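One line per chain: the protein sequences are A and B, in this order. Residue numbers for the first sequence follow my numbering, beginning at 1 and rising by one. Residue numbers for the second sequence follow my numbering, beginning at 1001 and rising by one.
Worth flagging that the hints you see were computed from the coordinates, not collected in a lab. This one's a predicted model, so the numbers in the text were calculated from it and none came from an experiment. Beta carbons are placed, not taken as given, at the ideal position from N, Cα and C, and that holds for glycine. Keep in mind that a hint or two might mislead.
Claimed, not checked - Listed next, the in silico BS3-like pairs over lysine-lysine satisfying Cα-Cα at most 27 Å (straight line): (1) A:316 to B:1076; (2) A:123 to A:4; (3) A:114 to B:1249; (4) B:1128 to A:316; (5) B:1233 to A:114; (6) A:114 to B:1091; (7) A:405 to B:1277; (8) B:1034 to B:1003; (9) B:1128 to B:1034; (10) A:123 to B:1101; (11) B:1003 to A:142; (12) A:114 to B:1128; (13) B:1237 to A:316; (14) A:114 to B:1003; (15) B:1034 to B:1101; (16) A:114 to B:1108; (17) B:1003 to A:143; (18) A:219 to B:1003; (19) B:1076 to B:1233; (20) B:1277 to B:1091; (21) B:1249 to B:1277; (22) A:405 to B:1101; (23) B:1233 to A:405.
Said to hold, decoys possible - Each pair of labels, with its calculated beta carbon distance range: (24) B:1099 to A:4: 55 to 63 Å; (25) B:1003 to A:251: 31 to 39 Å; (26) A:106 to B:1240: 54 to 62 Å.
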Amino acid sequence: MRYKSQSVAYWYFAVAMVLFGLQIVFGLLSATKYLGPDPLLYILPFDVTKVIHTNLLIVWVLTGFMGATYWMVPDESRTELHSVKLAYVQLGIWVVMGVTAIIGYLFRFGTGNKLLEQPLPHKIAIVVVMLMFLYNIGMTIKKSGRFTTTEGVLLLGIASAAVLYVPALLHYENYVVSIFYRWWTIHLWVEGVWEMIQGGFLAYLLIRLSGADREVMEKWLYVIVGLVFIAGILGTAHHYYWVGVPGYWLPIGGIFSALEPLALVGMAIYAYSAMRRSGMAHPNTLALHWTVGSAVFTLFGAGLLGLAHTWPSVNKWTHGTLITAMHGHAAFYGAYAMIVLAMITYALPHIAPGRREQGTPLGYWAFWLQLTGMFGMTLSFATAGIGQVYLERIMGMGYLDAQLKIQVHFLMLIATATVFATGVALFIYDFVRYAPRFEVVEDEADDGAGARVPRPARV
Amino acid sequence: MNKRQTRLFAIGSTAVAALVFLGLTIDTHRQFPKLTNAHNITPAVTAGKDVWHKYNCVNCHTIFGEGAYYAPDLTKITQLRGNAYLTAYMKDPSQFYDEQKHRRLMPKQDLSDEEISNLLQFLDWVSKVDNQGWPPRPILVTGSALSGTDMATPEVQATQNAPADGAAMPLPPGTDPLTVGENPMALGERVFRSATPACNACHSTAPGADMAGPSLHGLVARAQELVGSPDYKGQAKDVDGYICEAILKPSAHVVPGAMYSANGTSFMPNTYVESLKPEQVDHLTAYLSSLK
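In isolation and in its complexed conformation, chain A is listed as follows (with noise of 0.2 Å):
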C-alpha cells in the first residue's frame, strides 16, 4: 500500500465478500427448488431467492467495482484521495441501502420490476452514493492533476454507468416500453460500460504486474473500447426479440451482437500478449490466474455462449428458456466476478502483509473450484437448457412435464453449484484469514511506466 486511503478500499473488499457469499446461499436454494417439492413453499419461495440471487450480484460486484478504484486511483494518480470520511460515509449508505432492500425482498417488498426490483428510497440511495463516488474519484484527480488513460476510461465508465440508472427510476404506463427502458439500464451496463469499468481494471492490472508498456496497452484499451461500443449499443436489439418493438430490432440484434464477442476476443488477445510480451514477472501468480482467467472466461461465457443463441432465427426458439441462465450465469462470472476478485487478489497482499504475495494454496484452490464449478454449472444449465427447447418449444411438451425430463440436469446443476460455492468459501476464508495492517509501503512503486525488478517472493 502506498497511499495510507487506499485502506478504504479493504472494507468494500470486505462487504463485497459478505454479499458474495450469501449470493452463493440464495443462488444454492433456487437450485435446490429445481428439483423439488419444496419444502420453503411458503417461507421462502423461489421468487424471493431468485430476486435476492441477482440483486446481490449486482450490489456486490458494484461494491467490489467501487473498492477496487478506491484502490487503484490513489495509485495512478500518486495520491491520497480527495475524502476518505465521504468514502466510508458511501459504504455505509450502500450498505444500509443493500441490507435493507435484501430484508424488504423477503417480505416482497420490491417493485417486482426484473433486475430493477429495488424500491423507489432504494433507488435514489443508489444515485446518491454513485454521486458521492464520483466526486470523490473526480476531486482525487483534480488535486493531483495526473490522469491516466485507464483511470479516464475508467471514471468514464463509472460516470455513464450513473448516467444509465436514471431510465431505472422512470415509471412507464406501458409495460413494453418499461422492458425497452430496463435495458437501457441492464444491458447498456453489462455489455457496455461495465466492460470499459473492466476493461480499465484489466490494463491497470496487466501493467501492474506484467510491467507490459503503458502506451501500448492504452493505445489498445481505446480500441477495446471502441469495438465494445459499436456492438454493444445496438447489440442492445437482442433484448428486444419478441417484445413488442418494430421487427427492424431483430436483424440488427442478429448482426451487432454476433460482432460482439469480437471486443472480448481482443480482450483476451490483449490479456495473453501483453502477457507474452512481457512476462509473467510479477510475483503475484494468483492475481495473474484471475486477471487472465477472466479475460479467458469473458470470451466464453459472454462472447461464445452469447452468441449461441443471440442469432433471431436461434432466439426464437430458445428465448425465455434455461439457455439464457447458461448465458447468463458463466457471462457475469467471467466478466464481472472475476475481474472484482482479480482486484481482490492484487491489492490484498499489499493491505495485509502477512500473506504470500502469490497466493496461498488455499487461494489456487479458490480459484480452481470455482472455476471448474462455474463451468459445470454452465454445462448443466446448457444441457437442461437443450432438453428444454427441444421437448418443450420444438416437440410441444407441456412446460412442467418437460421440466421433469430434464431433472437429472439440476442434479448435476446442484453438485457443480456445491463446487463452485466451496471455491467461494475458500475464497472468503482466504481474505479474512490474515488481518489487514494498512501500513504505508514508499517503495513499492510500480506503475509499469519503466523497467520493473520483481522482488523475490516471500515463501
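Got chain A sorted already, so can you dock chain B onto it with the hints?
Positioned in the frame of chain A, the structure of chain B alone reads:
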C-alpha cells in the same frame, strides 16, 4: 495506429453507434402505440400490471420470454385458458397441480377478486401485443405431445399424404392419420389442434395425462357409461350426442373436479358454438369418438 488515432476510433464509433441507436429509439416510440395497442391500456390493465409487479410474478414466470425460468411463459396464456379457469387457478393453484407429481407448485397468492380480474386483463393485453409472432408454437403448461400420445403438429400433418385406401380404417387414439383427405376423423383431428382456442391446449389424448381439461383417453367408454347413468345432467342420448354437447355447451354436464368447473359452470370456453362450423363439429365428434 497511434494512441490519438485509437482514441478517435473509440470516441467516433461510440458516437455513431449511439446516434443510430437514438434514431431507432425515436422511430420505435412512433410505433409503440400501434404495436402494443396502447389505446387498450385501460386503468384495469395498468392496475393488472401493478398486480404483476406487486406479487413478483416475473421472478418465476416470463412474459414475452422475459423473467425467470422456474414457471411457464404467460405471454399467450389468456388465449389458451378462459377467464373462469384462470380465476379459479389464481385462487388455489394446488387444486390444479400436484406438487408431488410435478415437483413444483405455485404458492397461493391470496389475490382479491379485483386483483385477479385486473391481472387477467393485463395478461390479455399482453397476449395481443404484436411481438413478431413469438412464440412460434404455443407453449403449453402441461401435457405430453410426444409420439404415441399426441405428437403430430399441423405442419407434420400437412406434409403427410398417404394412399386413400387408408381412409376407411379406424384410427387408434392419438396416432397420425394416414390421410387427411376424406376421413372425417382425420379432419377432426386437425380441428382438435386448429380450433381457437385449440382443444389440445387443454386436453391430451394420453391415458392419465389430465391437463387443464381431463384427458380424452377412453372418452367413448366413459361416455357410454355416463349417458345412461343417473349422474348425467345433460340432454344427450348417445356417445356422439354427448361429445357434441360437450363441445358446444360445456356446462351442460360437468366432469367432477374443482380444476374443471366452479358453481356448475365449466371452465371450458363456450365459444365453439359460434367459432366452429357444423361440419367441423361433426369432424371433431368423429375424431373424439374414435378415442376408445
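Need the status of pair residue 1249 (chain B), residue 1277 (chain B): alpha-carbon distance at most 27 Å? holds, 15 Å
Do residue 1099 (chain B) and residue 4 (chain A) keep their Cβ atoms within the hinted range of 55 to 63 Å? holds, 58 Å
Residue 114 (chain A) and residue 1108 (chain B): Cα distance at most 27 Å? Holds, at about 21 Å.
Is the straight-line distance between the alpha-carbon of residue 114 (chain A) and that of residue 1249 (chain B) 27 Å or less? Not satisfied, since the Cα-Cα distance of roughly 42 Å exceeds 27 Å.
For the pair we were handed, residue 114 (chain A) and residue 1003 (chain B), check the Cα-Cα distance against 27 Å. Judged against 27 Å, a Cα distance of about 40 Å means the pair is violated.
Could you see if the CB distance from residue 1003 (chain B) to residue 251 (chain A) stays within 31 to 39 Å? Holds, at about 35 Å.
27 Å limit on alpha-carbon distance, applied to hinted pair residue 405 (chain A) and residue 1101 (chain B): holds, 12 Å
Keeping to a limit of 27 Å between CA atoms, is the pair of residue 1034 (chain B) and residue 1101 (chain B) held or broken? violated, 43 Å
Please work out if residue 1003 (chain B) and residue 142 (chain A) have their alpha carbons no farther apart than 27 Å. Holds, at about 23 Å.
Hinted pair residue 1233 (chain B) and residue 405 (chain A), Cα distance within 27 Å: Measuring from Cα to Cα gives roughly 40 Å; hence the hint is violated.
Agreement of residue 1233 (chain B) and residue 114 (chain A) with the hint, judged by alpha carbon distance not exceeding 27 Å: The hint is violated at about 48 Å.
Straight-line alpha-carbon gap residue 123 (chain A) to residue 1101 (chain B), limit 27 Å: Violated, at about 41 Å.
Hints 2, 3, 5, 7, 8, 10, 13, 14, 15, 19, 20 and 23, counting from the list given before, are not met by this structure.
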